[in-house]
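Peer 1: Spelled out, the chains give:
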Amino acid sequence: DAGVIQSPRHEVTEMGQEVTLRCKPISGHDYLFWYRQTMMRGLELLIYFNNNVPIDDSGMPEDRFSAKMPNASFSTLKIQPSEPRDSAVYFCASSTERSTDTQYFGPGTRLTVL
Amino acid sequence: GNSVTQMEGPVTLSEEAFLTINCTYTATGYPSLFWYVQYPGEGLQLLLKATKADDKGSNKGFEATYRKETTSFHLEKGSVQVSDSAVYFCALSDPTGGFKTIFGAGTRLFVKA
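Protein sequence lines, in the order shown, are assigned to chains A and B. Final position of the first sequence in our numbering is 279; the numbers increase by one with none missing. Final position of the second sequence in our numbering is 1220; the numbers increase by one with none missing.
Just chain A, same shape as in the assembly (with noise of 0.2 Å):
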């Protein structure tokens, strides 16, 4: 089986450019998780969705940030414009619909912008 599949793996943008970052989530999940890890504030959850749905964003910094789910197996994760201070590893994450259940982390995607 397939784990999470985040792309790109790494991204390096200038300030000022949309960024766009993509996930698909493990097959049959029913939580989908964006986190930020940075070495100042260590991992962030900046919103999640439970069927598609968004339950809870109130992780996101700012009205710059914003996620979208269009279906089960995909989701995007958009920066516009982007900031030097935007510069993170952003994780997905995967799970059931269960609170004892694991989650399941992508790769990641390093993002830099300059």
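The hints are simulated quantities; they were obtained by calculation from the structure and are not laboratory data. From the three backbone atoms N, C-alpha and C, an ideal C-beta is built for every residue, glycine too. Treat the hints with caution; some may be incorrect.
Claimed, not checked - Covered by chain B, according to a simulated footprint, are these stretches of chain A (three or more residues, beta-carbon under 8 Å):
#1 179-192
#2 271-279
As the list claims (entries may be wrong) - Distance condition first, Cα-Cα at most 30 Å in a straight line; then the derived DSBU-like pairs of lysine-lysine:
#3 A:Lys243 / B:Lys1207
#4 A:Lys233 / B:Lys1207
#5 B:Lys1175 / B:Lys1207
#6 B:Lys1167 / B:Lys1207
#7 A:Lys189 / B:Lys1207
#8 B:Lys1163 / B:Lys1175
#9 B:Lys1219 / B:Lys1159
#10 B:Lys1184 / B:Lys1167
#11 B:Lys1219 / B:Lys1175
#12 B:Lys1163 / B:Lys1219
#13 B:Lys1167 / A:Lys189
#14 A:Lys189 / A:Lys233
To be verified - The calculated label-pair distances, taken between Cβ atoms and stated as ranges, are:
#15 B:Phe1217 / A:Ser238: 17 to 25 Å
#16 B:Lys1159 / A:Arg229: 23 to 31 Å
#17 A:Asn215 / B:Gln1152: 38 to 46 Å
#18 A:Ser172 / B:Phe1217: 30 to 38 Å
#19 B:Gly1108 / A:Glu227: 20 to 28 Å
Given the coordinates of chain A, assemble chain B onto it according to the supplied hints.
Peer 2: Frame of chain A; chain B shown alone:
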């Protein structure tokens, strides 16, 4: 609200030394507890979990016991290897928290040969 506190790193040990990484939690309900491990350049992966009080999770020589009376879930391993060098995250998932998983700050472990 729910929270997880784990010991600050880095922790540096020699090969075959005993490892303890402390983790305590605060939760309003009856959470499940997890340890995740992150190897360099990779995402987090589950190391072990426990779903109720007094449960012991174990995997790859690591173990942790869910202690409700002390609200703790300390990670231990009797003899670490260089390949155990990684960042370890304690986490909880509480159904009253809407299925979100709350992660600790992570503890970096270095094991020297």
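Peer 1: Please flag the earlier hints that this structure goes against, numbers listed from lowest up.
Peer 2: 1, 9, 11, 15, 16 and 17
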